[in-house]
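Enquirer: Residue strings, one per chain:
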Amino acid sequence: MSKTDDTNLIERCVGGDRKAIETLLVKYEKPVFNAAFRMLDSRDDAMDVTQTVFLKVFENIDHYDPSRRFFSWIYRITLNESINWLGKAKRLQPLKHEAVDEGRSLEQEVDSANLSKGVQAALMAINTDYRTVIVLKHFLGCSYGEIGEILEIPDKTVKSRLYSARQQLKDVLTQSGIH
Amino acid sequence: MAIDQKHLDLINADIDGEIRDSDRRELRAFLAESVEGRALHEELASLCSTLDAVDAIDPPPHMRHVIMSSMKPARTKPESPGFFQKIFAIPALTHSVTFAAGIFLTLSLLHSGQISTGAFDDVTGLVGTIADPIDAEVLGAVAFDKPEVAGKVALRRSGAMLILDMDLVAVRPIEVEADYTDRTIWFNGFAQLESSGTKISAETGRIRLGMDGKRRFAVYLQNKGGRETTVKLRFLAGGKVVHEASLDYMPTR
Numbered sequence: 300m301s302k303t304d305d306t307n308l309i310e311r312c313v314g315g316d317r318k319a320i321e322t323l324l325v326k327y328e329k330p331v332f333n334a335a336f337r338m339l340d341s342r343d344d345a346m347d348v349t350q351t352v353f354l355k356v357f358e359n360i361d362h363y364d365p366s367r368r369f370f371s372w373i374y375r376i377t378l379n380e381s382i383n384w385l386g387k388a389k390r391l392q393p394l395k396h397e398a399v400d401e402g403r404s405l406e407q408e409v410d411s412a413n414l415s416k417g418v419q420a421a422l423m424a425i426n427t428d429y430r431t432v433i434v435l436k437h438f439l440g441c442s443y444g445e446i447g448e449i450l451e452i453p454d455k456t457v458k459s460r461l462y463s464a465r466q467q468l469k470d471v472l473t474q475s476g477i478h
Numbered sequence: 010m011a012i013d014q015k016h017l018d019l020i021n022a023d024i025d026g027e028i029r030d031s032d033r034r035e036l037r038a039f040l041a042e043s044v045e046g047r048a049l050h051e052e053l054a055s056l057c058s059t060l061d062a063v064d065a066i067d068p069p070p071h072m073r074h075v076i077m078s079s080m081k082p083a084r085t086k087p088e089s090p091g092f093f094q095k096i097f098a099i100p101a102l103t104h105s106v107t108f109a110a111g112i113f114l115t116l117s118l119l120h121s122g123q124i125s126t127g128a129f130d131d132v133t134g135l136v137g138t139i140a141d142p143i144d145a146e147v148l149g150a151v152a153f154d155k156p157e158v159a160g161k162v163a164l165r166r167s168g169a170m171l172i173l174d175m176d177l178v179a180v181r182p183i184e185v186e187a188d189y190t191d192r193t194i195w196f197n198g199f200a201q202l203e204s205s206g207t208k209i210s211a212e213t214g215r216i217r218l219g220m221d222g223k224r225r226f227a228v229y230l231q232n233k234g235g236r237e238t239t240v241k242l243r244f245l246a247g248g249k250v251v252h253e254a255s256l257d258y259m260p261t262r
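Those sequence lines, one after another, are chains H and F.
Using the numbering used here, the final residue of the first sequence is 478, and nothing's skipped along the way.
Using the numbering used here, the final residue of the second sequence is 262, and nothing's skipped along the way.
These are computed hints drawn from the structure, not numbers from a lab.
Quick caveat: nothing in here was measured; it's all calculated off a predicted structure.
For every residue, glycine included, the Cβ atom is placed at its ideal position computed from N, Cα and C.
Hints may contain errors.
Stated by the list, open to error - So the derived list for chain H, only partly shown, Cβ under 8 Å to chain F, looks like this:
(1) 333
(2) 353
(3) 354
(4) 442
(5) 465
(6) 471
Just need the whole structure built from these sequences, with the hints factored in.
Expert: The following block contains the structure:
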């Protein structure tokens, strides 16, 4: 997550450079989509949230505060949008779509899919604050400091929240026989 | 014996790769003495390796294209709204103008064998907005995600009008064919939202559309007899069928 590269791209985005916009999109679409998916448990909803996140980011790019790191800004928007989405009263049922990686055996694919589904079910069973820190730590690879920056909470709170989140997650995974 | 907060933090920091060397020595000493500490360390390490074994998922292949297509061109300088922008900021007028533009584009692009039958004389069905026909009942919908084309098509009914509501994105030019089985049903209109360039042709029992990029449009079919019908959809890229689907209208007796 290089600040210098992103800063350069953002400057070009502000100037209306579509190539720079696309480069930022290519760089962040997968983590943003994955974070939204892990928060929402629906590919369709994750795609809608991802689209909203990027539109918001690029519409407000000239208001971006360069003292913050870009990834912390975009991840914060992603998590807020996902939480807003969860709060919507009326939602369509998700259309499940499981992509198969042709480079792996069916057995590996099934094991991987089962693990992914089991972990996802456990994530949906814990509260949103806890799910948020787990997503940031384990699916976006953020450090304590980065999680604190994204959520605007002290490192001490990050650590205690992460510990409680893992305890809850462990209980759910143990009950479901995955862990 | 319960583990104190300091050693809990050290265990977590070690698992997360955020422990300092000086703290690592202290943790080792603690773990050598504490059975509970070792159990917790092992338990957390196992949980984290389970979480880290979950693969990242790939976004849908068309998502990038959808986002780029939705992006408005950047303005070089701030502009104050002009007279027309202020007028068109009123939602009802925006919809009316969009709809009128759709009809205008349709008429300019359309070549139809039905014109001579007078089908276009009747424009009573061409009211409202394609974004959300107020009274239109959804009869069925299909969603798909193919490399060449992705999106949703819904069949709606409003009175005697059947509406094919399409929200599609294609990475290269595609053709959409909609065949409807009942020949007494005829093409009654077409409208599209905030886009241009969709080509349409109509003949008895079949509509053909050509499009590229992201498009939202509606095809209106007049079904005065309220007849049962199936709309068969075929999506073609480079002349090859890349997706097929069908939607049914079954009148309630």
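Enquirer: Now tell me if each hint is right for this structure.
Expert: Tested hints:
1. 333: 5 Å, holds
2. 353: 5 Å, holds
3. 354: Constraint on residue 354 (chain H) satisfied, holds at 6 Å.
4. 442: 6 Å, holds
5. 465: Check passed: Cβ of residue 465 (chain H) comes within 6 Å of chain F, closer than 8 Å.
6. 471: 11 Å, violated
When held up to the earlier numbered hints, the structure conflicts with hint 6 and nothing else.
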